[in-house]
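Using the hints provided, position chain B relative to the given structure of chain A.
Protein sequence lines correspond, in order, to chains A and B.
First residue of the first sequence: 1, per the working numbering; consecutive thereafter.
First residue of the second sequence: 1, per the working numbering; consecutive thereafter.
Take the hints with a grain of salt, since some may be wrong.
[To be verified] A short list of chain B residues far from chain A (calculated; beta carbon distances all over 12 Å):
hint, residue
1, Ile158
2, Leu237
3, Gly405
[Claimed, not checked] Cut-off 30 Å, straight-line C-alpha distance, at most; resulting in silico cross-link-like pairs (DSSO-like, lysine-lysine):
hint, chain 1, residue 1, chain 2, residue 2
4, A, Lys61, B, Lys236
5, A, Lys515, B, Lys236
6, A, Lys389, A, Lys473
No lab work stands behind these hints, which were simulated from the structure alone.
We put the CB at the ideal spot given by N, CA and C, even for glycine.
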Amino acid sequence: MKPINRDYKVRNFHQAKWDEPIIFELHQSGERGVMIPEAEEGIVSKVGDGVSKIPSKMARKKSPNLPEVSQARVLRHYLRLSQQTLGSDINIEIGQGTCTMKYIPKINEFLIRNPKLTELHPLQDESTVQGVLGLIYQLDLAMREISGMDYFSFQPSGGTQALFTMASIVRAIHDSNGEAEQRDEIITTMFSHPGQTATAIVKGYKIITLQPDEDGFPKLEDLKNVVSERTAGFVVANPEDTGIFNPQIKEFTDVVHEAGGICYYDQANANGLLGITRAKEAGFDMCFFNLHKTFAAPHMCGGPATGALGVVEELKEFLPAPIVAYNGDTYFLEDDMKNSVGKVRSFHGVPQTMIRAYSWIRSLGPEGLKQVAQTAVLNSNYLYHKILKIKGASAPYVIGNRFEQVRYSWEKMTEDTGVTTEDVQRRMPDFGLHYWTSHHPYIVPQPFTLEPTESYSKEDLDEYVAALTQISKEAYEEPEKVKNAPYNSVIHKMDERDYLDNPEKWAISWRVYLKKTGKTKVTSF
Amino acid sequence: MAREENVSHPYIPNTVPEVQKEMLEEIGLENIDELYEGIPESLILKDKMNIPSSLTEFKLRKEIESSLNLNKNCDENTNFMGAGCWQHFVPAVCDEVNQRSEFLTAYAGEPYEDHGRIQALFEYQSLVAELVDMEVVNVPTFDWAQAASTSLRMACRITGRNEVLLPRTIDPDKLRIIKNYCSPDIVCEVVDYESSSGQLDMKDLKGKVSTNTAAVYFENPSFLGFIEEKGDEISKLCHELGALSIVGVDPSSLGVIETPSQYGADIVCGDLQPLGMHMNYGGGQAGFIATRDEEKYVQEYPSRLFGIVPTEVEGEYGFGDITFERTSLYDRLNGKESVGTQTALWGITAGVYLSLLGPNGMYELGQTILQNSQYAQEQLSKLKGVTSSRFNSLNFKEFVIDFNGTGKSVEEIHQHLLKEGIFAGMDLSESFPELGQSALYCVTEVHSKNDIDKLVKAIQDVVE
Numbered sequence: 001m002k003p004i005n006r007d008y009k010v011r012n013f014h015q016a017k018w019d020e021p022i023i024f025e026l027h028q029s030g031e032r033g034v035m036i037p038e039a040e041e042g043i044v045s046k047v048g049d050g051v052s053k054i055p056s057k058m059a060r061k062k063s064p065n066l067p068e069v070s071q072a073r074v075l076r077h078y079l080r081l082s083q084q085t086l087g088s089d090i091n092i093e094i095g096q097g098t099c100t101m102k103y104i105p106k107i108n109e110f111l112i113r114n115p116k117l118t119e120l121h122p123l124q125d126e127s128t129v130q131g132v133l134g135l136i137y138q139l140d141l142a143m144r145e146i147s148g149m150d151y152f153s154f155q156p157s158g159g160t161q162a163l164f165t166m167a168s169i170v171r172a173i174h175d176s177n178g179e180a181e182q183r184d185e186i187i188t189t190m191f192s193h194p195g196q197t198a199t200a201i202v203k204g205y206k207i208i209t210l211q212p213d214e215d216g217f218p219k220l221e222d223l224k225n226v227v228s229e230r231t232a233g234f235v236v237a238n239p240e241d242t243g244i245f246n247p248q249i250k251e252f253t254d255v256v257h258e259a260g261g262i263c264y265y266d267q268a269n270a271n272g273l274l275g276i277t278r279a280k281e282a283g284f285d286m287c288f289f290n291l292h293k294t295f296a297a298p299h300m301c302g303g304p305a306t307g308a309l310g311v312v313e314e315l316k317e318f319l320p321a322p323i324v325a326y327n328g329d330t331y332f333l334e335d336d337m338k339n340s341v342g343k344v345r346s347f348h349g350v351p352q353t354m355i356r357a358y359s360w361i362r363s364l365g366p367e368g369l370k371q372v373a374q375t376a377v378l379n380s381n382y383l384y385h386k387i388l389k390i391k392g393a394s395a396p397y398v399i400g401n402r403f404e405q406v407r408y409s410w411e412k413m414t415e416d417t418g419v420t421t422e423d424v425q426r427r428m429p430d431f432g433l434h435y436w437t438s439h440h441p442y443i444v445p446q447p448f449t450l451e452p453t454e455s456y457s458k459e460d461l462d463e464y465v466a467a468l469t470q471i472s473k474e475a476y477e478e479p480e481k482v483k484n485a486p487y488n489s490v491i492h493k494m495d496e497r498d499y500l501d502n503p504e505k506w507a508i509s510w511r512v513y514l515k516k517t518g519k520t521k522v523t524s525f
Numbered sequence: 001m002a003r004e005e006n007v008s009h010p011y012i013p014n015t016v017p018e019v020q021k022e023m024l025e026e027i028g029l030e031n032i033d034e035l036y037e038g039i040p041e042s043l044i045l046k047d048k049m050n051i052p053s054s055l056t057e058f059k060l061r062k063e064i065e066s067s068l069n070l071n072k073n074c075d076e077n078t079n080f081m082g083a084g085c086w087q088h089f090v091p092a093v094c095d096e097v098n099q100r101s102e103f104l105t106a107y108a109g110e111p112y113e114d115h116g117r118i119q120a121l122f123e124y125q126s127l128v129a130e131l132v133d134m135e136v137v138n139v140p141t142f143d144w145a146q147a148a149s150t151s152l153r154m155a156c157r158i159t160g161r162n163e164v165l166l167p168r169t170i171d172p173d174k175l176r177i178i179k180n181y182c183s184p185d186i187v188c189e190v191v192d193y194e195s196s197s198g199q200l201d202m203k204d205l206k207g208k209v210s211t212n213t214a215a216v217y218f219e220n221p222s223f224l225g226f227i228e229e230k231g232d233e234i235s236k237l238c239h240e241l242g243a244l245s246i247v248g249v250d251p252s253s254l255g256v257i258e259t260p261s262q263y264g265a266d267i268v269c270g271d272l273q274p275l276g277m278h279m280n281y282g283g284g285q286a287g288f289i290a291t292r293d294e295e296k297y298v299q300e301y302p303s304r305l306f307g308i309v310p311t312e313v314e315g316e317y318g319f320g321d322i323t324f325e326r327t328s329l330y331d332r333l334n335g336k337e338s339v340g341t342q343t344a345l346w347g348i349t350a351g352v353y354l355s356l357l358g359p360n361g362m363y364e365l366g367q368t369i370l371q372n373s374q375y376a377q378e379q380l381s382k383l384k385g386v387t388s389s390r391f392n393s394l395n396f397k398e399f400v401i402d403f404n405g406t407g408k409s410v411e412e413i414h415q416h417l418l419k420e421g422i423f424a425g426m427d428l429s430e431s432f433p434e435l436g437q438s439a440l441y442c443v444t445e446v447h448s449k450n451d452i453d454k455l456v457k458a459i460q461d462v463v464e
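Pulled out of the complex, with its shape left as it was, chain A reads as follows (with noise of 0.2 Å):
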């Protein structure tokens, strides 16, 4: 038998098929999939059926209309639907820019299943938790180191929630010393992450966005023209999506310090940063990491996740409470920040994730730490001179000086051919590879956004620079074939007009979808 042939430098994949039905469509009536315990006979002698004790009114009128599988058929089901997605353990996931997906420790995954985790109770006696809450207490000391920071609270479970938690905690300030009437604006950067500015603004404040220069870079000048005693906090990105680094970094945190401002710093993109350089250094009173990013925790499908939020210590009084504290002999939650912003989630955050994050970092130790870093970097470096190479793509502003990720764009690629980055978008999957466009702001023409991390061998980059490869040459010489595409892949493209933005059409569940086209129920498959 031939070996498989390596002359093509892309896969000849095909994604799994199985034309799978939506699962009301695999009702039948009678089926189960499961058995609920039921209650004693000994129980039932006593109290009887239980269910009519319900006050009439408030007894449930008409059964859900769930459907009823049997326990194989829902298993198949949702596995053949796991088969047809591409999680970054199948696919070489760099094509997700700004979300750091890297591999996930199997290890981590079978510790975070262990019974002594996943059957605690979040409001147990505090002796029955010592070992949860040490681990927690470990991580909070690793990260301290990681950033320079003095306390950390992990409670809230997504970047996002940390950016909005970051937002309470600058009102808090100001509201502490009487200045929160006076100081209403946060000032942000335009190649931040949209949570930066949306989070804020529910927080009340109006947002005022420094533009890049022609190289990409935020100016000093044009943050200290608008620092004022309005000025409530600063929030940036540092890289930022585009992968520039912010030398001055220092000089905006003393100038809004100057003006009576919080610094805080999302460090979204920090994966190219452990061990090199740090928030405290750079002049930042609160930062926060994404633990299902920057530290290994999955991302499942978008959560939960976890932002470990730090502060300096003169800001733990306002951090949301409970924080795990340590008292040289016992683990306890500390719940007397006399500022607190109250609480953002529910109990302590999502404990899985803080000790998927702190057994990554027992994994790689402070050497490995900074081996991450420096590889991620030298990846997404060595990636940035391959993709400068393909016919019509590009790296808009300063050359050189990128880190984790760089924000690219097929801006020529488009003119001379017509192909755009959304069907460069269907075309990857062709070829079992993930690609995103990239979110707001939508500056940079045609964009796509590369983030290698370290987890990807050369081999994995050439083969990806490959694809990319051969769909510029698929624009330059055919390109109905790339605006086509996909092929491979479960289903062929959407017919999207009306759909998505039409209340008259749009399905948001089955029962509209449904009601909205005239069908009746389907029964069996």
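Chain B alone, transformed into the frame defined by chain A:
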């Protein structure tokens, strides 16, 4: 042959020196430090971080497991705590699906390579829609408190008003979360409850609700465990004044208890944790929001909403983001609130759970919970000085035990129970001082008669 140390970390392939050299050559650099020349020297960390050295997988497992073994869990003990996180039976298929590598490691993939993830989330939306008898459900939020907070902000945008009313029986922590989320522009006011029944005090409500009210939020079952029976009256009052009725609901009750949409709720929210998630020390929480399919509601969701879309090939289901322009990912300055990583995997897991149980399973779940908790209340009430429940309303799953007649504090009783391997209910004496020495206990389908009898005996030993 000697063992080579640290040639390459197992998680970082490109630490192989030859490969690194080749890559550096490709980009025209001599060494890796040159990559950081954009960072000023003054910001470069000089010291090594004070973090313990790396561990092999073998040693890591030993270390983390030895820490976790210090915990005493609810399997080895008997747990009667609820209060926002509940111990339920988790079908093995829920665990199997939620640990599948493809779902576990997927994130924001596109419809053409993450078809399965998006279909699973569309199905979750559809299944919860049936359970709560609504038409639109979002990809889940962080938790119930967040779902309630966002529901209130949605109501304020829809009505153009900025005052909301909440029940005084609400979980104090949830109220703290809501108040922080609603500040500074929304006024949150609390409505009292009837001391005998725990039900919302209609007189107090009528005195506080007005044409400035955007919404009245209440819960069913309430945080203190009883069924709120005046949902129809509350909703009617809201609607007369142009306010919305928002109901927070425990989905495990909906096989047997009437759904809020039937007594006038405009927005229904709650937590998915009872639907197939382990307690995870509070890490299994996930909030849902549901409404009717009306544009004025749909446009106010900040969350992602996946809808079903035809493809160019007849007979294929495609899925996409409905009204993506609403979101902060589309428009950083004008998006509704914000959206980012939330709790999507728990949504998929809840979908698996509802698919497994079906309508009959949800009914049986509700029935077993009612039977077990009614038995516990009956047996506990026989104890001298103990009243359960404190309120004369029907309880679902949770109930308030009044220990005031025993002469003992809740703390004293609970310390005794702890020694007996029983994790007692939440002490309410601080957060609800008007109830004196009372505690919120939770009994679900996981409890056996023996568990409950053991609890009753242990309390009897302290109080009699």
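Evaluated hints:
With a least beta-carbon separation of about 15 Å from chain A, Ile158 of chain B lies farther than 12 Å from that chain, consistent with its non-interface assignment. The Cβ of Leu237 of chain B sits about 17 Å from the closest Cβ of chain A, beyond the 12 Å cut-off, so the non-interface label holds. Distance check for Gly405 of chain B against chain A: the nearest CB is about 23 Å away, which clears 12 Å, and the non-interface claim stands. Distance hint between Lys61 of chain A and Lys236 of chain B is fulfilled; the C-alpha atoms sit about 20 Å from each other, no more than 30 Å.
Proximity of Lys515 of chain A to Lys236 of chain B is assessed by CA-CA distance (about 27 Å); at most 30 Å being required, the pair is judged to hold. At roughly 12 Å between alpha-carbon atoms, Lys389 of chain A and Lys473 of chain A fall within 30 Å of each other, so this suggested pair holds.
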